[in-house]
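S.K.: Chain by chain, the residues:
Protein chains: 4
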Amino acid sequence: MTAFEQITDDLAAQAIELPSWAFGNSGTRFKVFGTPGTPRDPFEKIADAAQVHRHTGLAPTVALHIPWDRCDFAVLRAHAEENGVRLGTVNSNTFQDDDYKFGALTHEDPGVRKKAIDHHLECIGIMHETGSRDLKIWLAEGSNYPGQADMRGRQDRLHESLRTIYERLGDDQRLVLEYKFFEPAFYHTDVPDWGTSYAQVAALGDKAVVCLDTGHHAPGTNIEFIVMQLLRLGKLGSFDFNSRFYADDDLIVGAADPFQLFRILVEVVRGGGLNSPDVAFMLDQCHNVEKKIPGQIRSVLNVQEMTARALLLDTEALRAAQVSGDVLEANAVFMDAFQTDVRPLLAEWRAGRGLPADPMRAYLDSGYQEAIEAERVGGVQAGWGA
Amino acid sequence: MTAFEQITDDLAAQAIELPSWAFGNSGTRFKVFGTPGTPRDPFEKIADAAQVHRHTGLAPTVALHIPWDRCDFAVLRAHAEENGVRLGTVNSNTFQDDDYKFGALTHEDPGVRKKAIDHHLECIGIMHETGSRDLKIWLAEGSNYPGQADMRGRQDRLHESLRTIYERLGDDQRLVLEYKFFEPAFYHTDVPDWGTSYAQVAALGDKAVVCLDTGHHAPGTNIEFIVMQLLRLGKLGSFDFNSRFYADDDLIVGAADPFQLFRILVEVVRGGGLNSPDVAFMLDQCHNVEKKIPGQIRSVLNVQEMTARALLLDTEALRAAQVSGDVLEANAVFMDAFQTDVRPLLAEWRAGRGLPADPMRAYLDSGYQEAIEAERVGGVQAGWGA
Amino acid sequence: MTAFEQITDDLAAQAIELPSWAFGNSGTRFKVFGTPGTPRDPFEKIADAAQVHRHTGLAPTVALHIPWDRCDFAVLRAHAEENGVRLGTVNSNTFQDDDYKFGALTHEDPGVRKKAIDHHLECIGIMHETGSRDLKIWLAEGSNYPGQADMRGRQDRLHESLRTIYERLGDDQRLVLEYKFFEPAFYHTDVPDWGTSYAQVAALGDKAVVCLDTGHHAPGTNIEFIVMQLLRLGKLGSFDFNSRFYADDDLIVGAADPFQLFRILVEVVRGGGLNSPDVAFMLDQCHNVEKKIPGQIRSVLNVQEMTARALLLDTEALRAAQVSGDVLEANAVFMDAFQTDVRPLLAEWRAGRGLPADPMRAYLDSGYQEAIEAERVGGVQAGWGA
Amino acid sequence: MTAFEQITDDLAAQAIELPSWAFGNSGTRFKVFGTPGTPRDPFEKIADAAQVHRHTGLAPTVALHIPWDRCDFAVLRAHAEENGVRLGTVNSNTFQDDDYKFGALTHEDPGVRKKAIDHHLECIGIMHETGSRDLKIWLAEGSNYPGQADMRGRQDRLHESLRTIYERLGDDQRLVLEYKFFEPAFYHTDVPDWGTSYAQVAALGDKAVVCLDTGHHAPGTNIEFIVMQLLRLGKLGSFDFNSRFYADDDLIVGAADPFQLFRILVEVVRGGGLNSPDVAFMLDQCHNVEKKIPGQIRSVLNVQEMTARALLLDTEALRAAQVSGDVLEANAVFMDAFQTDVRPLLAEWRAGRGLPADPMRAYLDSGYQEAIEAERVGGVQAGWGA
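Chains as they are written, first to last, in my numbering: chain A, 60 to 445; chain B, 60 to 445; chain C, 60 to 445; chain D, 60 to 445.
For reference, chain A alone in the conformation it holds in the complex:
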């Protein structure tokens, strides 16, 4: 059995969740460009996401964002299944309502906090309808000016709010708390780092875990170290994959620093996080200037390719070099896996499984893009905030 053959079971088991919002328009504070064929409702988003799975076999589930994807969830669930995918993580939203200008789960006003908590309880209800396991919470809360907010009080209120939500989780449901270095708040953010997210979820219990978004760190942060640490602490619940050169650029995963993605996946494998039920792989990206469905295809393929390289790492040779203190040999073994061009082997393997050898080409040749660009005329294109 070749080295590649030894890893195909792991590759076959890999699943990467797509975010419904990746198919809508997105942009910067300066401009959101519209694109032909953009979905107008959750059903069209699911249809688009299903295209990614059809051509790659990598993306069997789609995450929802509430309220953007509010609809009859039983119908949406059936629609997804007809399209060969399932509904996944439910993401709450506490950043687009005027009431949340100064916070939601941390707000000084108990009335606003109750509104935000109730929104999460609604999400839990939706999870029962959609069959989703995870409630993912990203908090945009924080402040822009020193003195504006009482950071300590907010942290305590955050705990109280999360506890109220946590207590309503079903037995098989999880609360996944994301952290982010900055933006949209520019002085302080209430969950700015993995330490804060970890401390908050550890105070809740076993069903609360951390979401690591690869774009949400300070410049220079060694992200794979955090992956290692959270796996070690049993609290890595999910990834939001994307990439960045500067801030939270939300570019295609693996586009900015492919070697970093490789290193992250090496630690995932090292720590038992690959294909583990405890660790969900998700994308969270913005396709501001590129086409959205091909952008998602490129993304899941990037994760797959780096996973294959990570799995091909000769861990025995690596350990031997590490134990003997042979820095250059250890690095060489590590780089050898990274340098391996796995694309031909993956293409062949894909073809053997009834998938297109070249998923991107297959999608572009399928006529789907032309069809949606022709059909989806009129109505309001989906996007952030709609």
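All the pointers check out, no bait thrown in.
Just so you know, same-sequence chains aren't split out, so a pair can sit in one copy or run between any two.
Calculated lysine-lysine pairs in the DSSO-like style (CA-CA distance at most 30 angstroms, straight line): (1) K173 x K266; (2) K174 x K266; (3) K173 x K160; (4) K90 x K173; (5) K90 x K160; (6) K350 x K160; (7) K160 x K174; (8) K350 x K173; (9) K350 x K90; (10) K350 x K174.
Bear in mind the hints are in silico, worked out from the structure with no lab data behind them.
Remember, it's a predicted structure, so these values are computed and weren't measured experimentally.
Fit chains B, C and D to the supplied structure of chain A, relying on the hints for placement.
M.R.: Relative to the frame of chain A, chains B, C and D by itself:
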């Protein structure tokens, strides 16, 4: 004559231009919050800006942004003068038109470049109507993915486009080229640093200069060094003042790092840039969560207070310590100016000039805010993109 | 009672520990400059440190670094007391022995780990002799190249090593674990962030706490947030104060960003950390180009001045503005405390307590500097690594 | 002719200069570890450097550092030629003399400036002896505290000093001015960015150019953009290759971010800088924990591998995608070149040229390392500062 009395002529001469867009709504890609009383047109923006000048005596001119402020400029000019202010710098916009998705002055397509150039020629025409001297160009151009763009070709096309615009400037007009580290482009930006802006304007001629936006640098950049260098090279044309903790946060100038603002102003004074006709002081900020008129009042006062401290620096004692290599004494002289609480002296001096001792209090007591909140109902609030 | 009079008890209680190594030579990898009068042994370091306390009343204890300060500790303790100070925190060193090239407490080799553990047990023994409470551990461990080290295994071994040390602590002793973003390791550091330090000390028990060095964070990190969080979690054991523009520059505390120091001290006060037995204030700086004793005097005065400003914060007015969502008023109250020039009041108060109104001037006039420069000739100057 | 065959002429012409100091010991401010076999003098350094060229064919010249490599240069030159290499760039040193504590070419004291200028004139004399073309100047000058230095005056003095040196250059000699973001100075650095270096060398004349050290930028800086810009301006004189995760880590080139190295080399090729007489390729690294000769072999191979990938870029397909605005296709073409595993083809090509297919293995099997470890006992190992 006290030390403070020796600097009052300089203080009296200080003028800080306000951006018309600071009075409209702004926000992040996640949400733009609306606020009561927000202007619906350029006339209301000018009226609001005039309030800042009325209470501080610091802000006699208002910068325009085209196309956001398009109107009958002769009427707008008269309106400004009636309100006690003048129209200032004209800012072009090449980032909110669908044609500019992949560039404007640098675009591969000569047709798009011509459109962008023509827009600037229109701005020059407007400058003749408004009596403005400066055409300020901030370019949002760049790319998000390696390989997406030919950076070299774009740089050459940028030169050609700027030259065409430059040649149409009137004798007393200037082209001011801003640079920015990143955003909205996330891989490369066509004018990312002062070096690029400097090389481009140096290739044009004497009427082309650099705009330094205090929020547009990499983390850790010593901005006052750049101020010194551009003054030394004779190419510092203007400031866009704001402040930041992370990226281009566009917070109130002096809010994030007051000591940095002091150091910048020390170099301005050192290099002859204070109250020089060559160096325009402007604000460029976003009041996402705070009230806009008070936010602008706070901003110009921050600049004034730090200017006073910079002027109070005992430059003789400083030079003596520098020459003798007495690090701690030099730093102590420097910090002594920074630590001086100039607010009581400024209040007294203001009162002696017929201005309110406490401009913020005077504005809040004036009833203006309540009036605009009551009157400006209906219509479309101004903001980025409107 | 004036606002200032209300805070003098807190000011009188303030104590800042000095590091013995601040009086030795330090520098960068490029050059360590020698200076006249530099101590040649621990006794001369203590004598110098005592000068800081004599003139400021702020620095009653001196931290030791083992092995640099190895000597007869009973004699050193008596020497300190004769000089009016006490011995404080004991700092271990696992970065200057050839055996530690690839780690100490985390090393692959159990023999090296044992050596490193034994060194810490020796330090605990010294603490009994010196009367010290805290064992401070800064780990230089990490790796320079991806693949070089098994980060996960190292983390587990770190826990085991720390546990062995922890179990040997006396009832009134503490283990204080410092974290650092990078340097001397350039790919991964075994305790790179507060989250890792927190997770490690939480796994040990109540006598293990975190040390926050103000220069050991990623660019842009909101340090006062971490102060707030660690106080909230009951795990902020001590500060290493210094300041930075870029990396771990180890400049005089408050020199690079005085406003940041103010914000940190506001959170210390807010969280009950000021003059708390649980939170030790220490300096950890390098005086590469400035004189060392005056550098330390400047440092403790900077902390005192910012503490005074933090204590003068009108917390009632601040809370009112925060609760009402008045961003500008909250920030104004906050800035008002920061802008207050407390130096004249502090000088007067000092004089009233039998201390020099101007400690720096008093030291410079004392003749001590001239005396040590004349006397300390010959021998080996102390420094990092000696 | 295959794609690879079309690039072999370029590969055959490639030459990367080695720094003599890479073979000596280096470290951080915390510790310099010694290693067996480290050279004790310039002759042993040259012998080691020759090993890298022998096994790779990539490193025909060795850069010298004065005063570290002072000796009889005629003898050294002959020694180099006997070992199959030549002497290259001469690097000056103005950071390890006590006189330079507060500057060298920028110092307030004309006497210190003259000393520093004279040192450079000595270097020019050495260049005549060694047959070197380039005088490379890296300035460690700057200040640690705001107010310590008059940045403007220093910039003017820098110009005067450089002009004096420039005027003494021979007809075929060049002055190459390096820039660096920070370290060893921690507040301001006199040549901190490419803009400053460019402005300074442009003021001198055609024989003055810029050196770009890949580790000397702010976090997030797009280095390939600077490469493009300096080539466009005709001022890119040389590279100092290394890599970094945080600051100026001086790791093996390509180790931290191989994709960045690829992007840089794509711009080198795009701008005509590959194998151009105008652009010198050099390494400048520190092998703190890894073996030095193998570290250098790994480094030149990394540059060669990424050069091959850059040369394999399908520039026609790339241009077509760029012109048509097909973001994903352009990026795919770009990534396709990066993902190509060129190592087997390079090994085969090397073997066909009489070089070892696996240079690292060949070196390790050669017995050289064992020989120098056995022979070089006693004496003082070379290193920074010796």
